[in-house]
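Asker: Chains A and B, in that order, are what the protein sequence lines are. Reading the first sequence from the start, the letters are residues 1084 to 1428 in my numbering. Reading the second sequence from the start, the letters are residues 2 to 237 in my numbering.
If you're looking for bench data, these hints aren't it; they were derived computationally from the structure. Every value quoted in this text rests on a predicted model; they were computed, and no experiment measured them. Built from N, CA and C at the ideal position, the CB exists for glycine as well. Heads up, a few of these hints could be off.
Said to hold, decoys possible - If you want the footprint, here are the derived chain B segments under chain A, 3+ residues with CB under 8 Å:
id : stretch
1  : 59-72
2  : 76-82
3  : 85-99
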Amino acid sequence: MTRLNASQRRGLIGALLLSLLILLIVGLYALWGESWQARVLYAAFVNLIVVIGLQTFMGNANFAVFSHAAFMGIAAYAAAICVTPVAMKAVSLPDAPWGLNAFEMSPLASALVALGITGTLGLLTGLFMSRLTGVGVTIVSIAILVIVHSIFLHRTDIFKGNQALFGIPRIFGLTHVTVLAIVAIFAARLFRESAVGLRLRAAADDEIGARAMGVDVHRARLVAWVVSTLFFAAAGIAYAFFLGTISARPFYFNFVFLTVAMLILGGLRSVSGAVFGTLLITIGLELVRWLETGPTLAGVKLPQMLGLSGLLLGVVIVAVMAFRPHGLMGNREIEDLVLPRKGTS
Amino acid sequence: MLSIRNVTKTFGGVAAVADMSFEVAASEIHGLIGPNGAGKTTMINLISGFLTPNSGRILLDDTEIHRMPPEQRARAGIARTFQNLRLFRNLSVRRNIEVAESNVGAGADRSLVEEAIDRFGLRGVMEQTPDSLSYGHMRRLEIIRALALRPRVLMLDEPAAGMNAEETEELFENLEWLRARHACAIILIDHDLKFVLQASDTITVMNMGSLLASGLPRDVTANKEVVRAYLGTGQN
Chain A
1084 MTRLNASQRR
1094 GLIGALLLSL
1104 LILLIVGLYA
1114 LWGESWQARV
1124 LYAAFVNLIV
1134 VIGLQTFMGN
1144 ANFAVFSHAA
1154 FMGIAAYAAA
1164 ICVTPVAMKA
1174 VSLPDAPWGL
1184 NAFEMSPLAS
1194 ALVALGITGT
1204 LGLLTGLFMS
1214 RLTGVGVTIV
1224 SIAILVIVHS
1234 IFLHRTDIFK
1244 GNQALFGIPR
1254 IFGLTHVTVL
1264 AIVAIFAARL
1274 FRESAVGLRL
1284 RAAADDEIGA
1294 RAMGVDVHRA
1304 RLVAWVVSTL
1314 FFAAAGIAYA
1324 FFLGTISARP
1334 FYFNFVFLTV
1344 AMLILGGLRS
1354 VSGAVFGTLL
1364 ITIGLELVRW
1374 LETGPTLAGV
1384 KLPQMLGLSG
1394 LLLGVVIVAV
1404 MAFRPHGLMG
1414 NREIEDLVLP
1424 RKGTS
Chain B
2 MLSIRNVTKT
12 FGGVAAVADM
22 SFEVAASEIH
32 GLIGPNGAGK
42 TTMINLISGF
52 LTPNSGRILL
62 DDTEIHRMPP
72 EQRARAGIAR
82 TFQNLRLFRN
92 LSVRRNIEVA
102 ESNVGAGADR
112 SLVEEAIDRF
122 GLRGVMEQTP
132 DSLSYGHMRR
142 LEIIRALALR
152 PRVLMLDEPA
162 AGMNAEETEE
172 LFENLEWLRA
182 RHACAIILID
192 HDLKFVLQAS
202 DTITVMNMGS
212 LLASGLPRDV
222 TANKEVVRAY
232 LGTGQN
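Construct the entire structure; sequences and hints are all you get.
Answerer: Here it is as structure tokens:
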């Protein structure tokens, strides 16, 4: 392995600081948390892996994409179908074609199959995504989301549509997803500071300038696209392995909107921004959900305000776009806040 | 080393470059001059790969490069700067340079870029983004970034634009240093005729997309056609 350059060393420090933040949150939960909060934390960390995956493509290549929920869903279903015992599949997937209900695999093998299938689809879609520019990328990503969702809905013999695919062994707990989130943070920071990440960011700033410096822009975009689908796959696997049941509905626009809002709030150019955005929106949504039920606050009984959470996400996106278009972090990473670079003014 | 052979480029039936041929030798500074609209920048775009000729050939040594995409030509040793700066605005000066360096082999001369950073006066601003630099520093950064490709041919499109006499003189000295230090050919386009004549070993004069004259600076300035088309028009 070649020696790390200064930016990559700083990237590792930044990833370490973000990991400590994650561990601090888990530590606080372990000391004082209530059991229902484990579920909130788990969901937050699954979302975090997705938002970090979004950052690797959206943030470095500077394209808006909305297909991530589709890749997450593909991995979740693939892992679920592989890992669910045959006896359970006889009940949950009685009509499955191609012998899908006639085999079962270990959790590790199931996860690898899910990663492989998602990565392959990432590569195939990436071959044309990497050649599109501007709004074309966004539109095709929405098309991918809609196509995959309608397959989930209408191939009920495999995916059960809006009904739950149940009986998935519940293999993962908070520890697993914490480790995964930390791995994702390190992977995303190292990718951002790698040669490919650097070339991609250069091309996002000035594609012609980057090509004149020898950057193969299509190749860099393809690599980033495939890497980002692997993050989504990891999140999908973690989702299926924790909940034990999955259905098509969560892998669609609501989830896309939630995760994009998290990235935009934090700042899409920064991995630290992805982490902060995810944590802030998670906390914000928990507060809003509590407010929605109409609690009594300082002796005043508040009215029920259902739908407030959707409003919050919309307001966050509009407010950030209007007042801080580069998000809370802009181009900065967490280590820039604590260790200023030499030679900056 | 670099051969342009009968290259033609038309846009909608109008020839921006018509049957141009010239040669650039290793380690020479080659001035490319001509009035506005003569096709100089089109020529640079044809050599660097942002345009493909309709006919004719471009060779680097004996390799045909005129069908390669720009990034492949860059890695083969054709580097350029732009008339309108194309720096990476969200990357630090250091990272701007590293983008180019990431595309050269591990065996490249590491000290070349470090020396250029000191010589061009960018050492103190390495962690800043280009937006915070003076215009002169941005121009110099573009040259260093191109140099980081360890080019065999370095094309500078209007490097002295917007510079005062003192900065132009400094640029001239830096080009002399560059040629001595790195031994690459330099193609120089600029409106500052005095600067180009002073800096170049040979000159190619273009007019309306065609070759008007070529040769040593003193021969070119004595050419009546050149005087009529270009020098007589009150250019500085």
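Asker: Against each hint, give a clear statement of whether it holds in the structure.
Answerer: So, going through the hints one by one against the coordinates:
no. : hint  : in the structure
1   : 59-72 : holds (count 3)
2   : 76-82 : holds (count 3)
3   : 85-99 : holds (count 11)
Hint check: no violations occur; every hint is consistent with the structure.
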